[in-house]
Structure formats: structure tokens, C-alpha cells
Amino acid sequence: MKTNQLIYGLITAVFCALVFHLDAQNPKGKYGTFALTNATVETVTKGTITNGTVIITQGKITAVGSGIPVPAGAEVIDCKGLFVYPGMIDGGTNLGLSEIGSDPRTQDFNEIGEMIPQMSALTAVNPNAVAIPITRVSGVTTVLAAPQGDLFAGTAALINLHGYTPEQMYAGFQGAVLNFPNTGRRGFFDRRTDEEIKKGAENAQKRMSEIWDRAVQYSKIDSATQGKAGYYPEMQALLPVVRGERPLLIEANAAKDIQAALKWVKEKKIKNVVLTGVTEGWRVADDIAKAKIPVIVGGVLNLPSRDYDRYDQAYANAGQLFKAGVKVAISSGETNNQNYRNLPYHAGFAVAYGMDKAEALKAITIVPAEIFGVADKTGSIEPGKDANLFVCDGDPFEPKTQIKQVFINGWQIPLVSRQTQLYDEFLKREPGVSKK
Amino acid sequence: MKKILLLLICFFGLSAQAQDKGSMLIKNGTVLTVTKGTLPETDVLIKDGKIAQIAKNISAPQGVKVIDAKGLFVMPGIIDPHSHIALDAINEMTSPVTAEVAESDVVNPLQINIYHALAGGVTTIHALHGSANAIGGQCVTLKLRYGTFSLDAMRMEGAPRTIKFALGENPTRVHGGGSNIVPRTRMGVEFVIRKSFSDAKKYREDWDAYNKSKLVKGFRGAPPAYNLRLETLAEILKGNILIHCHSYRADEIMMLLNVCKDFGIKKITFQHANEGFKVAPELAAYGAMASVFSDWWAYKFEVYYSSAYNAAILTKNGVVTSVNSDDPEMMRHLYLEAGKTQKYGALTDEEALALITINPAKQMGIDTRTGSLEVGKDGDVVIFKNHPLSIYGVPQFTIVDGIVRFDKANDPADMRLWADPKQNLEEATFYEKGTDHCMDGTEFLFTSDKK
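Going down the list, the protein sequences come from chains A and B.
Position 259, counted from 1, in the first sequence is what this note's numbering calls 259; the numbers after and before it change by one each time, with no gaps.
Remember, this note's numbering sits 436 above the position in the second sequence when you count from 1.
Please note that the accuracy of each hint is not assured.
[Stated by the list, open to error] Derived lysine-lysine pairs resembling DSS-like cross-links, with alpha carbons at most 25 Å apart:
hint, chain 1, residue 1, chain 2, residue 2
1, B, K858, A, K199
2, A, K436, B, K752
3, A, K266, A, K206
4, A, K80, A, K60
5, B, K697, B, K637
6, B, K821, A, K400
7, B, K752, A, K428
8, B, K637, B, K703
9, A, K400, B, K752
10, B, K844, A, K323
11, A, K377, A, K271
12, B, K472, B, K483
13, A, K435, B, K697
14, A, K400, B, K472
15, A, K268, A, K198
16, A, K206, A, K271
17, B, K501, B, K457
18, A, K323, B, K821
19, B, K752, A, K435
20, B, K752, A, K404
21, B, K844, A, K357
22, A, K327, A, K292
23, A, K198, B, K858
24, B, K858, A, K256
25, A, K357, B, K821
26, B, K702, A, K435
27, B, K697, A, K436
28, A, K327, A, K377
[What the hints assert, rightly or not] Which stretches of chain A does chain B cover? Using the computed rule of at least three CB atoms under 8 Å from a CB of chain B, they are:
hint, segment
29, 101-112
30, 254-260
31, 290-302
32, 329-340
33, 410-423
No lab work stands behind these hints: they were computed from the structure.
No residue lacks a Cβ here, since even glycine has one placed at the ideal position from N, Cα and C.
Chain A with its partners taken away, still in its complex shape (with noise of 0.2 Å):
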């Protein structure tokens, strides 16, 4: 009877499995315990170990080094002749916050309200979101989805890749996103006079200033009656943030916005503070520098913000910030077309113009890590860490690099996106011109 059962439990699981491999839109991960030999090892934080071993064991990485021995039952992944490299990270993106970019409906990060800190990312980012597996491909493990739109425009929250809920797929930080008056042009289509900006910018900045005060106002109430203060869900939101727990991420760009956020946080007294875009950062480096605020650099692919700026100026950026002692993470910026996989073309031209490779390496990996205060859970290979991670054949900023396995928490991610597939479809199309 027992055997019996095995045997038809067995046929509904292959069944099953066939079933699903061909409804599926993805193919589904594999958990267990996996040995990477023979690799090269870019710790990223415990240098290089060639001829390396990485043990990952139920979701984490548990050993580290040459001449470890296999465990037992361990899926043994020969990677002689390749790299193993943290998975990298993505310090501001709107992944899974949005499908298409010129379709509304397809959109979820843009809140209506210029104090809506109680607006949470991790709620709208859509698990089965296209763009992640494309993403996820190509070694981008983990991600900021970021609300964007008005002051406080949202609680930006750091996911892993994988995952079916936004249980499974939170990485474990989440901060609030404050998009600082902004003085710069949104491009040619912007017609306003100099006049009209100006003054849309002082207007920002004092309602910013009272939303603000009023935030320490409630932290205090909220303190003095422990905890009694009354529903108030936008303060409650910024309550952590006001009390230093949670960082405010203040998107500014121009020169000039970049210094007054540092004067407006210096004199608000905040604590917790990173600087996300920086487009402009490097003309006020030490200024920067000076506050000892971390930056997250929003793309290195950009044109020069002032058509009298040396045209590599925007390439250079990251690699000035961080030669001024700015601690420099860098994302890709690529919201509108969801190529967040290009966030090594964006480490790699940093290098090509100025940056330390080994630095540009970090700013995506370890660096972000440590700004979202998760460096002990991710951003490097270290036993104990999450099991995030990539094996590709060279170097990573390289293109024409390819990717050979995806980890993402212990998960072995099959390399298979909806572009992948349509490669494998049409590739040799059947039936070609004829009907046949």
C-alpha cells in the first residue's frame, strides 16, 4: 500500500512538474546545498581567493576559501575558468513598481500628495513584475524599488529578486524618500522661466521645512504620551525617521539643491541621511565630504547637466565624489526603460573615466549594502551572509561577460527571462517564409 502510494505520489509529482514547467512563466529556482569549485573568488570584501570554494547551505553562505571539502549531498557546480561575484545592488530603481512606462495603470509609484511617508513600496511591488527575471539575469540580485513624486513621496524598500510575496522578498531595509525642491530643468520639454523655478523651489522648501517640524513636533507628543498621539499615519511614518532609526533618502541634483539639503539637514539636525542622484555632486565634493552623508550616484550614463561641462563630466562623477572621501554607492538610474541590468555598464564607464575598478566594484555591491545597513547580510562572499550571488565567465563590467548561475537567498535562479525565451523561440523560427 505504502509503496503504492510512493508510486503514484511520484507520477502526480512528474506529472506535475512537466505541467508546470510548460505553464510556467518562469522556470522555478532550486534551494539545498550547493558547492561552487574550482572558482575564482572576488569577495569583494576578503580580496580574491583563486582555486576557491563557496559552500551555500539552506539560503546562506556557510563556507568560504580553497581546499574547503564538499559537503555531503551537496550539488557540486565546477566553475573552473569563472568568477564568483556578489550579486549586485540597485540603490534606486522602481522595479516592480511599474510595467510600462507610458501606461498609468501599469504604474504604482507615483502617490498623489507631497507628505505621503506612509506610502510603502514594499506593498505595490508586483513579485511576477516582467522586469525582474530580465534583471535578475544578469547578476542584479537586489534592488531599492523607490517611490518617486512630490516632498515625501514614499517608503523605498530593498528586495531580493526572488520571491512570491513581499515577505519573501524583503531584504531588510526600507527608507524614506524625500525628492529635495529642485531647482534643475527636467529637460527640453520643461518651458518654466527661471523666475517660475526659483520660486516653485522657495515655496518647496518652507512647506518642506513645516511638514518637518511638525514631524519632530509629533515625535515629541508621541513620546510624552507614549505612544498616544493619535492616528496621524503620515507622522508615523517619519517617526523613525525623525528618531534617527530609519534613514531619509533626499534625491538631489543640482549643485546648488545638493547644498542647500546639507545646510537644511545640518540645521534640522538630522541623523540618518543619504544622498541619492548626486548628479551635480562633484562640484561640491567636500562640501559633501564635509557632512560625511553616503551618496547613491543615479546612473554614470548621462550627458553633462550644463552644456559648458566637460562632456565626460557625468562619467566622472562617481570617481570624483569618492577621490574627495564621499562614501559612493552607484545605481543605474534606468527607471524609464526598466535596463536596470546595465548596472555594470554604469560601475564599468565610472572606471573607464577615472574610478578605481576595485571601488566601482564595491559601489554596487558592498557599498549600497552598508548604506541600507545590511553589509552583515549582503554586498560581498563571507560565510554567515545571505546567499547572494553570481558566477559569470570575466569580468562582470565586461559585456560581452556572460552569466552562468544566479543565487539569490540560496536559491539556485534559472537563467530564463521572458527575453530568453523569445531568443529560444525565434531564434531559428518554425516555420520560417514558407508555410511549412
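Since the structure of chain A is provided, determine the placement of chain B on it from the hints.
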């Protein structure tokens, strides 16, 4: 005041034109000819704007500038087959058919974007009309002779005439959605194009008949009314103007292919063609070409089912394929975009480089002049530190017609040709990347579109 400025521009223009071609010797570089293999430690001699010799140990003719390219890579100037820079107007969106307008009338040689493109190794661009209309305006092929103040000096002399067509969401949004006239659907787009070609055919026949009967003694009839729009369309039917059609979906590509077949039009390049890979066998069989993004997708619904493997699938199916930018930022690193096809589809170095050199040249009808390093072709060259398909490839010199237009080590930071005395120097512009620029100039129609 304006008149004086105009006069000044004319004066400078004429004087600039006189010195448009140069001579130089590029020594000891790794020469990536694209069409004739890779030549190590080889010299390239440019004489009066043309490549005169490619060989080892060429001695420099007297007075000719020498560039030491030892350890550097020498490749043909990059060609962007889809750009909207150096133009003062992109979209004449007042009618679904505007074949009569021409971008060559609104070339702006002063834009700083031209220099930015040179710094990315680009020497020639196809400056296109926008994609608001099913049949848009005529495009213009430009050589990036940055430094000239002359509109005429920017145009690539002898380049074939080209015209922009557009299918799908853009023309239907502008005319059907924006103005409530046909086309509102892809059915309407086909009809607009078929009707235009049919009218042009009739127009041509009327003129031919008139011209014939005119020769008969005693003929007293009046000539047909002259119509520049139909005149232009008739030239397309004759094969004298090449079609470059903004398109995304496989079905709309097939539609235009069928229309071309019915009207005997042979030369067509599909621009963007994000779903070109789905009809690659049909494109190859027809001899139609495709000019695509390396990896842009998801910015609108009709590019939702894209694949970064598009260029590789097209290439491997025998379609002459190029990679374009449609964007002043991406334009600066088309070599990176070409390099991505080695990740997405494992194209060889030569195939990848062809995407941004000889193949766009074929699509623009200028492949006898440019697109590869061969004796007799124009002296359009870019010299890279590190291989151009490497992320660490950095253009050092960009040379157009034998004249250095970009010199990384020696150019000053500020390369503007024209500065607005009233410019607010504190002002910064943050460029929104990742959207196609084919709709520039129509955005006022859609301001209520945004969430």
C-alpha cells in the same frame, strides 16, 4: 540684429567650408577595418579627406600631421542611423502625411550634442524627422563637422535622400487620439500609406501623360497642378528616396512590407523594429533592413514584448542590422550598445562592429563612402584606447574627412560654439533617459496623459 547675425553665420560658414578636408597619418594602430579584418601595427594615411593607403611603415608625406596610435585601436567612424540631434525641429505633426517637409532645412550646426557625439566616436548621423506622422518628413544625413557655422557644411554631400515613416502608437496617438482624424488604429495607418502611394502614382501618371502629349505638335492642354507632397511620394515609388520606418510590432512591419511589395518599393529600413526578430525570415527574404536598440524596452506597450537578443537574431537570419541611439546620451556609447550583442546572442567582434559602421552605412545608402576602413573611402576614423567593444574603450581622437574634430587630451572643457549671453550659468538640466525622442515637439498634445 538678427540680419547681422545671419550675415555673420553665412560668412563663417563659407570660410569654414573651404577647409573641410584634411590629411594625416595614423601610425602603428590595431586597425579594425570591419570589412577586411583586423590589421595589427598598421598605418592609415588620409589625404585630402580620403583614405589613401592602409599598410605597414607608411612614411609621412611632408607637412602631414602624424598621430601615434601605438597600443590604440583604429576603427571607422561610428554611424548613428537614428538621431534627432543637430535639428531645430523634429515633428511637423499637422497632418498624417508631410512628405513635403525636410529636416535639411532646419539643421543646427551649433548644438553641443554634436560635440558630445564626436566624443563618443560618432562621425556621421542620420538626423530623422519624428514619428508623429504615418508619412513624416524627409531626413538628412550629416557629417559631424563640428566647428562649422554652416548648415550646408554639415550635410553629407551626395548622400541619398531618405524619408521617415511611422507605424503604431505614435501616429495613432497624435492624429487619431490627438486630433480625431485617421489614423486611430493600425488599420488606418495602412490605409493612409496606401492612399498616399496611390495618389502619388496617379500624379506621376498624369505628369508623364502631360509631358508626352506636350511633345505632340498643337497640344494645348494645361499641366497638372504641381504638388510637392505627391512629387516627393512619387520619388519614393521610383526608388530615389529611401524609407526609414519607425515601427515596433511584427504585424505592422509585415503590413508595410506588403505595401512596399505592392508598390514595387525595394529599399526600406525598419527603425527600432523591436519585434523585427519575430519576422526576421521575411525581412531577410525581402532584403529589408533593420535598425534597432540594443536593449531598450518597456517604455510603452508596443515595446513590452521586446528582447535584447533582437540584433543577434536579425543578424543570424541574414538581415542587414544596425544599432541606433535615438538619444543624445546613448549616442555617445554606441560601441557599448554594439558590445551588448556579444552578451545577448554572442555576435563576433566583426558582426558587432558592423552594427554601428558598415551596416548603418548600407541602410543610409552611403556604404561606398564610409562605414569601413578601405582605401578610397572618406577619412572618418575614431581612435580608441582599449578595444571599442570593451567597457574600458575610450575614444581619444575622432576624425572627420581627415580633420580631428575631437581630441580627448587637448580639447578644453567648454566646447560650445555659441553661448547665450543671457544664460543662467547656475542652471542645470537633468536629462530624462530611456524614452524615444521621436515624439519631440508633440508633447503638448499629451499633457493630460500623465498620471
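Against the structure, the hints come out as follows:
no. : hint              : in the structure
1   : K858(B) x K199(A) : 19 Å, holds
2   : K436(A) x K752(B) : 20 Å, holds
3   : K266(A) x K206(A) : 16 Å, holds
4   : K80(A) x K60(A)   : 22 Å, holds
5   : K697(B) x K637(B) : 15 Å, holds
6   : K821(B) x K400(A) : 18 Å, holds
7   : K752(B) x K428(A) : 9 Å, holds
8   : K637(B) x K703(B) : 17 Å, holds
9   : K400(A) x K752(B) : 17 Å, holds
10  : K844(B) x K323(A) : 22 Å, holds
11  : K377(A) x K271(A) : 23 Å, holds
12  : K472(B) x K483(B) : 20 Å, holds
13  : K435(A) x K697(B) : 19 Å, holds
14  : K400(A) x K472(B) : 23 Å, holds
15  : K268(A) x K198(A) : 22 Å, holds
16  : K206(A) x K271(A) : 20 Å, holds
17  : K501(B) x K457(B) : 13 Å, holds
18  : K323(A) x K821(B) : 23 Å, holds
19  : K752(B) x K435(A) : 21 Å, holds
20  : K752(B) x K404(A) : 23 Å, holds
21  : K844(B) x K357(A) : 21 Å, holds
22  : K327(A) x K292(A) : 8 Å, holds
23  : K198(A) x K858(B) : 17 Å, holds
24  : K858(B) x K256(A) : 19 Å, holds
25  : K357(A) x K821(B) : 17 Å, holds
26  : K702(B) x K435(A) : 23 Å, holds
27  : K697(B) x K436(A) : 22 Å, holds
28  : K327(A) x K377(A) : 19 Å, holds
29  : 101-112           : holds (count 6)
30  : 254-260           : holds (count 3)
31  : 290-302           : holds (count 3)
32  : 329-340           : holds (count 7)
33  : 410-423           : holds (count 5)
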